[in-house]
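Sequences and hints are given; from them, build the entire structure.
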Amino acid sequence: MVDNRYATALVIGSVLSLLATVYLSVAVGTQQWYQYSSPPVKQEGGNASELREEFINGDFDEKTYSDTMFRLNGTLGLWWRCILVPSQSHWFKEPDPKMETQCVSFTLPQQFISKYKYPGNPNSEEDLLRTYLWRCQFLLPLVSLALVFLSGLIGVCACLCRSFTPTLGVGVLHLLAGLCSLGTVCCFLAGVDLLHQNSTPPEGVEGSLGWSLYLALVSFPLQMMAAALFLWAARSHRKNYTRMTAYRVA
Numbered sequence: 014m015v016d017n018r019y020a021t022a023l024v025i026g027s028v029l030s031l032l033a034t035v036y037l038s039v040a041v042g043t044q045q046w047y048q049y050s051s052p053p054v055k056q057e058g059g060n061a062s063e064l065r066e067e068f069i070n071g072d073f074d075e076k077t078y079s080d081t082m083f084r085l086n087g088t089l090g091l092w093w094r095c096i097l098v099p100s101q102s103h104w105f106k107e108p109d110p111k112m113e114t115q116c117v118s119f120t121l122p123q124q125f126i127s128k129y130k131y132p133g134n135p136n137s138e139e140d141l142l143r144t145y146l147w148r149c150q151f152l153l154p155l156v157s158l159a160l161v162f163l164s165g166l167i168g169v170c171a172c173l174c175r176s177f178t179p180t181l182g183v184g185v186l187h188l189l190a191g192l193c194s195l196g197t198v199c200c201f202l203a204g205v206d207l208l209h210q211n212s213t214p215p216e217g218v219e220g221s222l223g224w225s226l227y228l229a230l231v232s233f234p235l236q237m238m239a240a241a242l243f244l245w246a247a248r249s250h251r252k253n254y255t256r257m258t259a260y261r262v263a
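Counting with the numbering used here, you get residues 14 to 263 for the letters of the sequence shown.
Careful, some of the hints might be misleading.
[Claimed, not checked] With a straight-line Cα cutoff of 20 Å, these simulated EDC-like cross-link-like pairs (lysine to aspartate or glutamate) come out:
| no. | residue 1 | residue 2 |
| --- | --- | --- |
| 1 | K76 | E219 |
| 2 | K128 | E113 |
| 3 | K128 | E138 |
| 4 | K111 | D72 |
| 5 | K128 | E75 |
| 6 | K130 | D140 |
| 7 | K111 | E75 |
[Unchecked claim] Simulated restraints, written as ranges between beta carbons of each label pair:
| no. | residue 1 | residue 2 | range |
| --- | --- | --- | --- |
| 8 | M112 | L163 | 25 to 33 Å |
| 9 | C170 | M112 | 49 to 57 Å |
| 10 | L141 | T77 | 35 to 43 Å |
| 11 | L166 | D72 | 41 to 49 Å |
| 12 | H209 | I25 | 27 to 35 Å |
| 13 | C170 | C116 | 38 to 46 Å |
| 14 | C199 | T178 | 30 to 38 Å |
| 15 | Q124 | L166 | 24 to 32 Å |
| 16 | G217 | G133 | 17 to 25 Å |
| 17 | N136 | I25 | 54 to 62 Å |
Just so you know, the hints here were simulated from the structure itself, not pulled from any lab data. On a predicted model such as this, the values are computed, not experimentally measured, just so you know. The C-beta atom is built at its ideal place from N, Cα and C for all residues, glycine as well.
Given below as structure tokens:
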């Protein structure tokens, strides 16, 4: 028989875990982690269409797509890079052209490609720190989601077996998942900062954090609170069970 306090803690922890999973999943799948505010695109002249074509259909080059995002109000995510461009080809003939966002996804091999001290120059020395920060920002959220999924399976098995013991493992898995979520945000911010040191944005271009990053950041405390509730319920229930057993023996 499970005390109502422990049952309530499990329910609240499960709800927090579900919210954290939804937030992190949305954050991983969207591109608004970091965004650039550039001067109006009409100031770029006819080069805007060339930049767009190179960005979408050109070879993968960190220097090229970074410079394009700097100049065309780009946004960067874990899986996407985007630019804001006029929707019509003869946009320069209109006083106020309609703008649209065009995105290109990072392929799996591109997620593991090496970074260099001078972006876009493969002849320069490899930047191991940026390389592993980029790989970690890609892998850590997947690990976090996998840990939450595994903890859910353990929780379901515990319910079917009518055992409270696996709750401790569920709490530990949520704790690790929360640390992975926090690590994702830290790796991403550190990688962007190092990129700006090696490839400085032009004057007048401002960068800011996007809502996708904040969603990932919010998932961290939710996972930690869920972990705390699961751990508290498991430990308190174990103490209570031990005392009841000792009382019955006595």
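Verification of the hints:
1. Simply put, K76 and E219 have alpha-carbon atoms about 18 Å apart, close enough for the 20 Å limit, and the pair holds.
2. This hinted pair does not check out: K128 and E113 have alpha carbons roughly 30 Å apart, beyond 20 Å.
3. Taken as a hint, the K128 and E138 pair is honoured in the structure, with Cα atoms around 9 Å apart against an allowance of 20 Å.
4. Taken as a hint, the K111 and D72 pair is broken in the structure, with Cα atoms around 27 Å apart against an allowance of 20 Å.
5. Between the alpha carbons of K128 and E75 the distance comes to roughly 8 Å, so the proposed pair stays at or under 20 Å and holds.
6. Restraint check for K130 and D140: satisfied, since their Cα atoms lie roughly 5 Å apart, inside the 20 Å limit.
7. A distance of roughly 28 Å separates the Cα atoms of K111 and E75; the hinted pair therefore is violated under the 20 Å criterion.
8. A hinted range of 25 to 33 Å is violated for the C-beta pair M112 and L163, which are about 43 Å apart.
9. Checked against the hint of 49 to 57 Å, the pair C170 and M112 passes, with Cβ atoms roughly 51 Å apart.
10. For L141 and T77, the hinted distance range of 35 to 43 Å is not satisfied, since their beta carbons lie about 22 Å from each other.
11. The hint said 41 to 49 Å for the Cβ distance between L166 and D72, and at roughly 42 Å that hint holds.
12. Evaluation of the 27 to 35 Å hint for H209 and I25 yields a failure: the beta carbon distance comes to about 41 Å.
13. At roughly 40 Å, the beta-carbon separation of C170 and C116 lies within the given 38 to 46 Å, and the hint holds.
14. Range check, C199 to T178: about 33 Å between beta-carbon atoms, so the 30 to 38 Å window is met.
15. As the Cβ distance of Q124 to L166 is approximately 27 Å, the hint placing it in 24 to 32 Å holds.
16. The supplied range of 17 to 25 Å is met by G217 and G133, whose beta-carbon atoms lie about 22 Å from each other.
17. Range check, N136 to I25: about 56 Å between beta-carbon atoms, so the 54 to 62 Å window is met.
In the structure shown, a violation is registered for the earlier hints numbered 2, 4, 7, 8, 10, 12, in ascending order.
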